[in-house]
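First to last, the protein sequences are chains A and B. Position 18 of the first sequence, counted from 1, bears residue number 18 in the working numbering, the numbering being contiguous throughout. Position 310 of the second sequence, counted from 1, bears residue number 585 in the working numbering, the numbering being contiguous throughout.
Hints in this document: simulated from the structure, not taken from any laboratory. Keep in mind it's a predicted model, so treat the numbers as computed, not measured. Some hints here could point you the wrong way.
[To be verified] Here are the simulated SDA-like cross-link-like pairs (lysine to any residue), alpha carbons at most 20 Å apart as the crow flies:
id	chain 1	residue 1	chain 2	residue 2
1	B	LYS288	A	LEU109
2	B	LYS328	B	LYS346
3	B	LYS288	A	MET111
4	B	LYS288	A	TRP105
5	B	LYS288	A	TRP238
6	B	LYS346	B	LEU378
7	B	LYS346	B	ALA332
8	B	LYS288	A	ASP267
9	B	LYS288	A	ASP107
10	B	LYS504	B	ILE525
11	B	LYS288	B	SER590
12	B	LYS288	A	ARG112
13	B	LYS346	B	LEU330
[To be verified] Coverage of chain A stretches by chain B, computed from C-beta distances (three or more under 8 Å per stretch; other residues unrestricted):
id	stretch
14	116-126
15	201-213
16	234-245
17	255-269
Quick reminder that beta carbons are idealized off the backbone N, C-alpha and C, glycines included.
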Amino acid sequence: MRNFLRVFLSRPIPLVGLVIFAVVVALALLAPLLFARGPFTIVGMPLLPPGAPGLLVGSDVLGRDMAVGLAYGARISLLVGITSTLGAVGIGVLLGAVAGYYGGWLDDLLMRVTEFFQIIPSFVLLMVLVAFMQPSLSSTVIGIALITWPQVARVVRGEFLSLRGREFVQAARTLGMGDARIIFTQVLPNALPPIIVVGSMMVGSAILTESALSFLGLGDPNLLSWGSMIGGSRSAMWVAWWTTVLPGLAIMITVLALNFIGDGLNDALNPRRRR
Amino acid sequence: MNRLTYIGARLIKTVLITIAVVLLSFFLVRLAPGDTATVMAGQAGFADEAFMKSLRAEYGLDQPLPVQLWKYLSAVAQGDLGSSFVRRQPVVDVILERLPNTLLLNAFALLVAIAGGVAMGMMAARRPGSATDAAMTVLSMLFYAMPQFWLGMMAMLVFSVWLGWLPPFGLETMGADYTGLTRIGDIAVHMILPGVTLALYFMASYARLTRTAMIEVADQDFVKTARAKGISEGQVARRHILRNALVPLITFAGLQSAILVGGSVLVENVFSWPGVGTLAYEAVTTRDNPLLLGIFIVTAVLVSLFNLATDIAYSIADPRVELGR
Chain A
1 MRNFLRVFLS
11 RPIPLVGLVI
21 FAVVVALALL
31 APLLFARGPF
41 TIVGMPLLPP
51 GAPGLLVGSD
61 VLGRDMAVGL
71 AYGARISLLV
81 GITSTLGAVG
91 IGVLLGAVAG
101 YYGGWLDDLL
111 MRVTEFFQII
121 PSFVLLMVLV
131 AFMQPSLSST
141 VIGIALITWP
151 QVARVVRGEF
161 LSLRGREFVQ
171 AARTLGMGDA
181 RIIFTQVLPN
191 ALPPIIVVGS
201 MMVGSAILTE
211 SALSFLGLGD
221 PNLLSWGSMI
231 GGSRSAMWVA
241 WWTTVLPGLA
251 IMITVLALNF
261 IGDGLNDALN
271 PRRRR
Chain B
276 MNRLTYIGAR
286 LIKTVLITIA
296 VVLLSFFLVR
306 LAPGDTATVM
316 AGQAGFADEA
326 FMKSLRAEYG
336 LDQPLPVQLW
346 KYLSAVAQGD
356 LGSSFVRRQP
366 VVDVILERLP
376 NTLLLNAFAL
386 LVAIAGGVAM
396 GMMAARRPGS
406 ATDAAMTVLS
416 MLFYAMPQFW
426 LGMMAMLVFS
436 VWLGWLPPFG
446 LETMGADYTG
456 LTRIGDIAVH
466 MILPGVTLAL
476 YFMASYARLT
486 RTAMIEVADQ
496 DFVKTARAKG
506 ISEGQVARRH
516 ILRNALVPLI
526 TFAGLQSAIL
536 VGGSVLVENV
546 FSWPGVGTLA
556 YEAVTTRDNP
566 LLLGIFIVTA
576 VLVSLFNLAT
586 DIAYSIADPR
596 VELGR
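Chain B on its own, in the form it takes in the complex:
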């Protein structure tokens, strides 16, 4: 299979996943007790049979299921995820307003996790069985056993409450009205605690992956050739070994993005980061079901798009990879 067919097939898969997500959402709505009409009537504070009937007709709830499904699918295809019960705004608008903050936090966390993990992995690979190696194993064991939201709270307790080094809450200093570079710096400082909390969980696994890959690649012929040519040891490690060892990290980043988003929901709540995660919490506490469902659809589609991107990047980075399987 050549690369173009592979990318085409991968695109179709992403579209199918998206359709599956929307189908799943359609049936999830039917899990909740009552329908849109009962909720609307509850909010209006009164309801008689005629009013309920007119509401159901207005929202198409009296139509047969396949018709409703078709209407729902075509609405979602046009970017209409319904409207928020509480905010009385289109769900899409509410989510899009918060999405940049979540993307920023997740991108930062991913970057920290990869940079930190690769650095730790390189150190550990230089001397397998060393103290760094052992420390990595212990750390990953601990991180996998503690709730991520609790790790965030502990970080806040130490660095904000006790040491007072970092701001504990929010995206930026309230009421400061910084502009330009000062504002960017302010946001960056606010991002450290939630970003690193989110990253720590993955850093250990990136470190392990880098370590294994580095040790594996270090044995291959082209590395021996490089050494034989007289290239310095540091250059061999960086230019030849690391570059090849990094390729599997691409796929890994894609596979873990779903877990990253789940963690982000919790971490955002701990640090009151105004992103989609805190929005999901608000949706839960106000019983805003359309909003919650919209968040599920949007995050699922974003994660599958990110997976598409990493798969394509992987196929370009490593031309030896057998495409398609």
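This is chain A alone, in the form it adopts within the complex:
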């Protein structure tokens, strides 16, 4: 663990990512305290530029404070990014572990399924899933988890395939452990590092996917997110650049920070990649 932290913190890029991410998390958590009136309150004239009295980053098409929207948007992005990734990791670990551990037709079936998900345009499938389940926070999370779990399953399967023949697994079997116990208490802990790396990368792409959904109006209609802020101010782009530029920058900075962290985790947890 100490070794891991030493490697992770020794390079500037993951550290920068961690600091930025911490700021975004703090903003998300503090939003209800800082801006108790909520993101939908109209505070003044529409399309006031950044720096107008009381408006740090201006107002949007309906005269709502963009700063409040950006802070509340962080909550949605992080919530969707993290929960949908947890869901995908849950499904992926379960199916990948079973396929990799038992092999045979289960493994064949799983590989066909993951291949299928690679070939179909998964964003179009996501649109169908969310539209059919009715757009809401939970349908967004479920939809993203359903189209991304195969990535996790592939990684977990690979790890289990290479670990299942090792001595410690044979020893556990000789001790009379059941399959479920071997999978979860013996093999899984050893397969964790790559799962963590994949998971950290998936949070960022889930945030991008969520923003795309809410840009198209497939997000939760009762919540303001960065994507819906961009989608809602499309008509104002010609006269008020900040309404579209700022939420997009917020997305980019957050995802960049997460990718930096993922990169650092990869270097720290994967000795083969260490330079």
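Given the coordinates of chain A, assemble chain B onto it according to the supplied hints.
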């Protein structure tokens, strides 16, 4: 496995994928609350039990699930994807009307991505660790972190709103009624912003792939032989190294086509490009579920056909490849 058996096996796989897509669609419909009858009744504005019952009988919704599934499968096999709730036209016709525009945009984007990526990759491979090399890494990092639709809007903001160089919307100038070459030129100009937006995301990865492949191939014996024969350095790079380095790009283009189509849905919407992507958006906003599902089926089948084509092309381009595995 010889090439013919490989192509045969690959064909069967494509058919199986198509069947899986249709099966998935059949069950997806059941996710939505209410059935066709409730929707039709809602549109008609009235409904009593008898009317609902007759509707359900008309659409076969009162039949057992396996019978419905069989009917659905055979309908799709005959190219019948149902009819659009809103437009009251067969879904297939609506999609086919828009499909050429989407294919045009995607083909253009793919071409730009490959041409730009290969050029950048070649430059970077000439001197690994150079400024081009570093710029490529930074650019790909940025492109992977920003929403593609937002990149498109920023491009529109700069090149249409501020600079006024390129038209921001649509397929062609409205009301201009250009014909012949003028029209083709007009469409080409309209295609630049959405096409390049779509391409930029992939350009960085093509550049990286080309760079790696070029450096790898440059070490092989046949390149040394070519050099020993006294062929000029530029010719070696183009004729010997590049040609072999391009082979992996074929597979890559196939694998990325699914992501390309997903991006196209968003980019088309940003630039009001009248393709399948804007159609998908219209289907979502008007709750036209059969249309949306039809778009999923059609795009999925097209992407799997494109993958089939790239796999076959790959097996021809590189005869050393072990087929089948």
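For this session: Take the C-alpha atoms of B:LYS288 and A:TRP105, compute the straight-line distance between them, and say whether it is at most 20 Å.
Result: Holds, at about 17 Å.
For this session: Given the hint that B:LYS346 pairs with B:LEU378, test it: the Cα-Cα distance must not exceed 20 Å.
Result: Outside the cut-off at roughly 30 Å; violated.
Problem set entry | 20 Å limit on alpha-carbon distance, applied to hinted pair B:LYS328 and B:LYS346 | 19 Å, holds
Problem set entry | Given hint A:ARG112 paired with B:LYS288 - CA-CA distance at most 20 Å | The hint holds at about 10 Å.
Exercise. Holds or violated: are the alpha carbons of B:LYS346 and B:LEU330 at most 20 Å from each other?
Worked result: 16 Å, holds
Problem set entry | Satisfaction of hint between A:ASP107 and B:LYS288, Cα-Cα up to 20 Å | 17 Å, holds
Problem set entry | Coverage criterion applied to the stretch 116-126 of chain A (partner chain B; beta-carbon cut 8 Å; 3 residues) | Answer holds; 9 residues pass the 8 Å Cβ test.
Exercise. Are there at least three residues in the stretch 234-245 of chain A whose beta carbon sits under 8 Å from a beta carbon of chain B?
Worked result: That given contact holds, which follows from 6 residues of the stretch 234-245 of chain A lying within Cβ reach (below 8 Å) of chain B.
Exercise. Are there three or more residues in the stretch 255-269 of chain A whose C-beta lies within less than 8 Å of some C-beta in chain B?
Worked result: That given contact holds, which follows from 3 residues of the stretch 255-269 of chain A lying within Cβ reach (below 8 Å) of chain B.
Exercise. Hey, B:LYS504 versus B:ILE525, does the alpha-carbon distance stay inside 20 Å?
Worked result: 30 Å, violated
Exercise. CA of B:LYS288 to CA of B:SER590, is that 20 Å or under?
Worked result: Holds, because 16 Å separates the two Cα atoms, which is no more than 20 Å.
Exercise. Do the alpha carbons of B:LYS288 and A:LEU109 lie within 20 Å of each other, as the hint requires?
Worked result: This hinted pair holds, its Cα atoms lying about 14 Å apart.
Violated hints, listed in ascending order, are 5, 6, 8, 10; each of the other numbered hints is respected by the structure.
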